[in-house]
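Build out the structure end to end from the sequences listed, making use of the hints.
Numbering of the sequence shown is given in the numbering used here, commencing with residue 34 and proceeding in unit increments.
It is worth saying that the hints were derived from the structure and are not from the lab. Keep in mind that a hint or two might mislead.
[To be verified] Ranges of calculated distance between the beta carbons of each label pair, as one might list FRET restraints:
#1 S142 / A107: 39 to 49 Å
#2 P184 / G161: 32 to 42 Å
#3 A87 / N226: 24 to 34 Å
#4 D220 / A120: 51 to 61 Å
#5 S182 / I48: 37 to 47 Å
#6 P184 / D220: 15 to 25 Å
#7 A216 / A120: 42 to 52 Å
#8 C203 / A178: 14 to 24 Å
#9 G133 / L219: 12 to 22 Å
#10 D247 / G161: 28 to 38 Å
#11 D43 / D91: 44 to 54 Å
#12 R244 / G133: 19 to 29 Å
#13 G121 / E224: 37 to 47 Å
#14 S140 / A104: 30 to 40 Å
Cβ coordinates follow ideal geometry from the N, Cα and C atoms, glycine included.
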Amino acid sequence: MANPVERLADYIEAIGLVPAEDADAYRYASLPLCVIDAVFSIGVNYESTVATVARVCDRLGWPRLAPSRAARGACPQGLTNLLEAHAGLTAEEAAVEIYGNRQRTSSKSGILKAEAVRLFADALLTAGIDSFADITPDRMDLAEALILSLPGQRSGIAFDYFRMLAGDECFIKPDRMVLRFVATALDLAVEPNPRLSSVLVRLGARELACRGYDWTPRTLDYAIWVRQRGHGE
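Printed below as a string of structure tokens:
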């Protein structure tokens, strides 16, 4: 049986894929913005998420970006501040007044993403995480256990993407761009499921690193996303 990881790495070499310049999202000035992006970006056109994050920053008076990914942390806003903004508001009111976005986690009885953000932030605080400086492996493990039990978070895709935005290089966001890329690379008749795609891309990044290329799962994920978007997929 052919090794799918080696085939994926071979395909990436063959098409000459190279790391893309990081998107602004990877240098958000504060952790709450990582949560907002991770929750609101699932299942929608990403431009609407960019607009939502910008709207929150404008309405709350928060800075959006740090000078660089490495320079984050000086911003005083934490998850406590985000929950303070929610205080006294219903989920519907928060969706309108804070986010200007009434999207739901699912078209079938999903909760408002504004409420999903609040629950996500509350779970992180329960795990002891308020800002970038509070992130440790143990706290992230507890946060994952708490967040995966929340409405609309069972797949774990939003949590993995949150980890990427928050600074972890070892995760990917297996969205439709990634699924289509993997299907094309491996000549599959049907797109692989998100979990399999995630595993293959992570192992593909490792295989390429062994071949001397400067890839991490996160940078490979983003390069794939940029390429697929450029091809109109």
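Here is how each hint holds up against the structure:
Our hint of 39 to 49 Å for S142 and A107 holds, since their Cβ atoms are close to 41 Å apart. Evaluation of the 32 to 42 Å hint for P184 and G161 yields a failure: the beta carbon distance comes to about 23 Å. A hinted range of 24 to 34 Å holds for the C-beta pair A87 and N226, which are about 33 Å apart. Roughly 53 Å separates the CB atoms of D220 and A120, a value that falls within the hinted 51 to 61 Å.
For the pair S182 and I48, the beta carbons lie near 40 Å from each other, so the given range of 37 to 47 Å is met. Between P184 and D220 the CB atoms are about 37 Å apart, so this pair departs from the stated range of 15 to 25 Å. The given range of 42 to 52 Å is respected by A216 and A120, whose C-beta atoms sit roughly 45 Å from each other. For C203 paired with A178, a C-beta distance near 18 Å keeps the hint of 14 to 24 Å intact.
The supplied range of 12 to 22 Å is broken by G133 and L219, whose beta-carbon atoms lie about 40 Å from each other. The beta-carbon spacing between D247 and G161, approximately 33 Å, falls within the hinted interval of 28 to 38 Å. The beta-carbon spacing between D43 and D91, approximately 46 Å, falls within the hinted interval of 44 to 54 Å. One distance hint, 19 to 29 Å for the beta-carbon pair R244 and G133, is violated here, with the actual separation near 46 Å.
At about 44 Å, the beta-carbon gap between G121 and E224 stays in the expected band of 37 to 47 Å. One distance hint, 30 to 40 Å for the beta-carbon pair S140 and A104, holds here, with the actual separation near 39 Å.
Hint violations for this structure: numbers 2, 6, 9 and 12, all remaining hints satisfied.
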